[in-house]
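> Residue strings, one per chain:
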Amino acid sequence: MGRKPSDVWQGTLALMVLKTLDTMGSMHGYGIARRIEQTSGDRLSVNYGTLYPALLKLEQEGYIAGEWGASEANRKARYYKLTRAGRKRLEKAAREWDDTQEIVARFFSPDEAS
Amino acid sequence: MRPLRAWWIRLTGLFNVRRRTEQFDAELQSVIAMHVDDALRRGVAPEEARRQALIAVGGVQSVRDAYRDRGGLPWIESLTQDVRFAARMLRKSPGFTAVAVVILALGIGANSAIFSLVNALLLRPLNGGHPRGAFVGLYSGDRTRPDRFREFSYPEYVDIRRQNDVFNDLLAESVARPGLTEDGLTRRVMTGLVSSNYFSTLGVTLAAGRPFTLEEERPASGAAVAIVGYSYWRQHGLTPDVIGRSIVISGRPFTIVGVAPEGFNGTMPVIAPELFLPFGAASLITERPDGSNRIADDRAALTLLLAGTLKEGTSIEAGELRLAALASAFEAAYPQFNQNQRLIVHPRSRVSMGPSPRSDTGPAAGAVVLMAIAGLVLLVACLNLANILLARGAMRRQEIAIRLALGGGRARIVRQLLVEGVLLSTMGGAAALLAAWWAASRAVSSLTAVLPMPIAMNVSPDGRVVSAVAIASIGSILLFALGPAWRLSAPDLAMTLKESAPLTSRHRRRIAVPALLVGAQVALSVALLISAGVFLRASVTAASMDPGFPLAGGLIAEVDPRMIGQDDVHGRTTYAALLEHIRSTARVSSASVASMVPFGLTQYGRQVHRNGVSTSAGFTVVGADYFATLGLAVVSGREFTIVEENAATDPVAIVDQILVDRLFNGESPLGQTVRLTGRDQPDELVRVVGVVGKVRDDVLQPPTAHVYVPFGSHYQSEMTIHVRTAPGGEAAMLEPLRAAIQRVDARLPILSLKTMSDHRDATPSLWAVTFTARLFVAFGVIAGVLATAGLYGLRAYLVTQRRREIGIRIALGATRTNVISQLLKEGAWNAAGGLIVGTVLAVGLIQVLRQSGMLYEVQAFDPIVFTVAPLVLAMAAAAASYVPARRALRVDPTVALRPE
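Taken in order, these protein sequences are the chains called A and B. If you read the first sequence in my numbering, its first letter stands for residue 1, the second for the next number, and so on. If you read the second sequence in my numbering, its first letter stands for residue 1001, the second for the next number, and so on.
FYI, nobody ran anything at the bench for these hints, they're computed from the structure. Glycine included, C-beta positions come from ideal geometry on N, C-alpha and C. Keep in mind that a hint or two might mislead.
Calculated pairs, EDC-like style, for lysine to aspartate or glutamate (alpha carbon to alpha carbon, straight line, at most 16 Å) [claimed, not checked]:
1. LYS88(A) x ASP22(A)
2. LYS76(A) x ASP1037(B)
3. LYS57(A) x ASP1069(B)
4. LYS81(A) x GLU67(A)
5. LYS92(A) x ASP22(A)
6. LYS57(A) x ASP1065(B)
7. LYS76(A) x ASP1025(B)
Stretch by stretch, here's where chain A covers chain B in the computed footprint (C-beta under 8 Å, at least three residues) [to be verified]:
8. 1032-1042
9. 1066-1077
A few chain A residues that don't get close to chain B, going by computed Cβ distances all over 10 Å [to be verified]:
10. MET24
11. GLY25
12. LYS57
13. ALA65
14. ARG78
15. TRP97
16. ILE103
17. SER109
All chains, full assembly: derive it from the sequences and hints.
Printed below as a string of structure tokens:
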């Protein structure tokens, strides 16, 4: 892969965080960042200066809840998990994303061009 | 909802910054630790693992900042910083802060004081009531004479109340001033004579007791019941047993049946009734001497004013249309009283009460003019403060330049300076609110001293006044702070960093704005000072106006035997005894009685007819020797005699020269007969037995025509005793006069006792002129002082800037006189333009003010005023330029030239 990992852009980051927490259950900031990078096949790099404000924003909006806990290596870390509102938000966002994708895809599909 | 929730959490986040920061630091540390753990697992050396972790995390501080910004509300945080910084800056220069706050307090205070008065007069809800629907007056007007209106009779009121489908409620009222006796002292009290539904129509619940009944409302019922005002109840300890207590009104016992609620002023504008009586009690108390306010079950007794609340959905026009049918029914049934009378619905005036519908456009226009003038004062204050801020900004240039150089945004600096302005104007506004309250209360109490009745003007600050002050404060911030903030934050001032005091600054351009501001201040204050001068002249002229008789040596005492229940026969005896006693008192050269006193509040008139020509004239009932006592010359004929004073004789009259000029074409009026007519009055044929000189009844009006008739044939209980003594001895005569009256009958209330000069000085129209003059002088002086201070500030600043130039000129051999005259000349230029513009402005302003009618017999272009006012300001300006110039010269040239 000759390509340099690009920074995640703002709006989508929140969605990725929600999806990650949906898949992984409860997770700390480091884990969320790693997971997003891995899922993207290392094509995205997560900047903590972007991630943490995004986490805080989601927390303030009540989509996720944070709680102190112990990591696998027995380190103290703050674990985030989806709230019910967050799950609803994710479902809605996923539907919207599907719609958007489908519409945009139609514009680029060869059948449509003819 | 979600954004709101987030916003709230961020707002509360402002208050636990430290705890949040610590928590986040811990979280960040755990992230770094996990990075290190990972790297160690991959077999990286510990040192290297830590280095890589830190790189991965990025700048710890910038992550922390980003997190903190999201955690709180950054703009509020920086605003708090600005406020703290501004407060520190202001505390650091207490002198400047004090001056700025005082300037603003004066400027805003002048506005809010005027506004408090306007608010009390025109805007504030009249009473604590909540009428159901729009409260309007009902008027009866002559269809053929659009300017003719009349009051209603009681039967007419009852008919309209019963038969209309326009009003929810319709009340009727009249006014009386009976005597109220408490602790042996009797005084007149403003009293509302009201219908039984008066309080319910106004939506007012009594504080105690009950309203009047329909039976008590019936005119002939003789119901001796009263509802007292709240202030009466408070004076008597707010005890519940006030209901049922007895109270002596006009010499008769009345029973208190109710107490009006606190703050209730009735429907009367400005004047507050202290007592309410039902129509049934009207015949028991003092009526007007000519019986013109009698309330009776008689269609000829037209004495009631009507007002009510319109039914929901009924407009004034629709209401009038529906009342037209009622009016024509009355016209058909009672042609004698209701011919051509139509019913008119009109909003009630806030400032006058009478039978004709009136709008408040006149007072409103006056209010606008006064507010505009107060606005000028605020404008001067703001211009002044703007100048001070600019000059101060010059000292802060270095600070601002450093901030700009360090990357501070211009918006942030403007905001910082504006926040300082906000702090200043908040303090100024608060001070202004208190000052205005004080000033407006003073104004009202000075009016109360003039009027013999309580004034219901609540000038305490309410929501409207506070908003007005807030608007004035915000407006003044825009005026005084925004401009300087914008100029001072201009990036080109970064130059300042390099040089401290430019030797040959481009000061012409740089001071153009401040110089213009000072010029404008001078112009406005000259205009205000000249107007003040014109009003002062007017008040002096009014006070020195010849009333037609000498004031010195004259005394008056007002009595009314009906107030202690004496009927006409008894009253005549009392007056005869009084006059006999007073005339024999030592140092009394003559004494008499009169129904009307020049400059008095009440005036009665008659039409005087002769050979088909008629004119209106003041109608005064007088005793023997009245003209000698007043000091009015008898031109021909004679005074009334003691016989004419004591009993009805041949109908005779004395007229004044104005009447003679109008009716007699150079013939001698003596022995001629004239006819006197008046509304509700029987016609009288009287023989003229004397002619007297002219008398002025109002200090602001030319003398008017008068006809005098003798006391014996026109007895009335409400008279004023006139006494003449040696000029200068009148003040010492007050107590002997009181003693003489009391010796005749100790119960007789002395309603007023004063010298003629004091009486003249307490005339409401003279008060109005004097008050306006004082107001303008206050405004003018405030503006003048501000303008002078502004000029001083500008000159001082400019001279300081040019210390080096002055130093060089002195070093090169310029004499001190040279330098000073040069500097003074510049100062003169600053002021001269303002003086000229201001004088022109004053001419226009005075033209507007003349419309008020208060500038009686005053020239628009008074040469003395137009010379003195600009001269005073010119001298102040000269002093303001001279002092800084002197100070600059005191500096040693070598010191001034040494680079800093």
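> Tell me, in ascending order, the numbers of any earlier hints that this structure violates.
Violated hints: 12 and 14; rest satisfied.
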